[in-house]
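*Asks:* These are the residues of each chain, in order.
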Amino acid sequence: MAVSGFVAQLNPCIDELSDIKTAVSEAVTNAIVHGYREKMGNVELIMKIYKDRILSVTVRDRGCGIENIEKAMEPLFTTGVDEERAGLGFTVMESFMDTVKVHSTVGKGTTVTLVKRLRIKG
Amino acid sequence: MNAAFVFCNGKLTVYLKGELDHHAAKEIRTRIDGEILRRKPEILGLDFQKVTFMDSSGLGLVMGRYKLMAESGGKVVIENPPSHIKKVMHIAGISKLATIVFTDKNKTDIKKSKKEEQENEACKGQDNKSDENTVSGVVAE
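As they're listed, the protein sequences go chains A and B.
Under our numbering, the residues of the first sequence are numbered 1 to 122, in order.
Under our numbering, the residues of the second sequence are numbered 1001 to 1141, in order.
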């Protein structure tokens, strides 16, 4: 995953790296499954490092957008009835990152920004 | 994602290997369900020892198999999840659905090789289905 390579320059702990990978995987999966409804489309990843070891990963799609963000972020909420999904994507992102911000416009797409401050290794 | 199936004494164990994301979960669940319907196990063991990555798709996989097993009164046991996977499972409170166990590696290895020997003995002349990427241990039913 490209994210690992980028985050590596911060020399993260293994658990931090797997937290980030998991959170990004959730956001990208959402973009593919929900944003583009499993049809072709581009998913943009914008990764930034700020001072004090703050990492920000933005995942953007130009898909269908989310009507009700609050509801979408509720634990166990899922749109797929017969498809097997836990409805815990946002819950995982929120547990593994410090902040999760979601911007969405119906018909235009969704942007999810994940921010995490990495520990200072001592 | 690879999966090896071992069926022994009413227990079907699935040894998962690799990355478990949305795409892999979809594929693997069809194969696991096929084995469940074929073998009708009382216990389904999902071994995560060799799973290098898992997101919430893996939770969906466990929850779905729990439902399927519960229909026939069966149980699900999660075996040897590495710490990063245990963390994801903890978020979902998976331990309410399935027992999480850690098998003693050395003991298991000995047991397993013994078991496998017995299985091999027992399986001689029986159907021994093995598809690509799959090692299928078959035991007398």
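Do not take every clue at face value.
[Claimed, not checked] Okay, derived cross-link-like pairs now, DSSO-like style, lysine-lysine, Cα gap no bigger than 30 Å in a straight line:
#1 B:1011 <-> A:39
#2 A:39 <-> B:1026
#3 A:71 <-> B:1011
#4 A:48 <-> B:1087
#5 B:1011 <-> A:48
#6 A:101 <-> B:1075
#7 A:121 <-> B:1087
#8 A:101 <-> B:1011
#9 B:1087 <-> B:1011
#10 B:1050 <-> A:108
Think of the hints as simulated: they come from the structure by calculation, not from any bench.
*Asks:* Next step is simple, just say for each hint if it's right about the structure.
*Replies:* Status of each hint after checking the structure:
| no. | hint | in the structure |
| --- | --- | --- |
| 1 | B:1011 <-> A:39 | 39 Å, violated |
| 2 | A:39 <-> B:1026 | 16 Å, holds |
| 3 | A:71 <-> B:1011 | 39 Å, violated |
| 4 | A:48 <-> B:1087 | 26 Å, holds |
| 5 | B:1011 <-> A:48 | 48 Å, violated |
| 6 | A:101 <-> B:1075 | 38 Å, violated |
| 7 | A:121 <-> B:1087 | 21 Å, holds |
| 8 | A:101 <-> B:1011 | 44 Å, violated |
| 9 | B:1087 <-> B:1011 | 26 Å, holds |
| 10 | B:1050 <-> A:108 | 40 Å, violated |
In terms of the numbered hints stated before, the structure departs from hints 1, 3, 5, 6, 8, 10, listed from lowest to highest.
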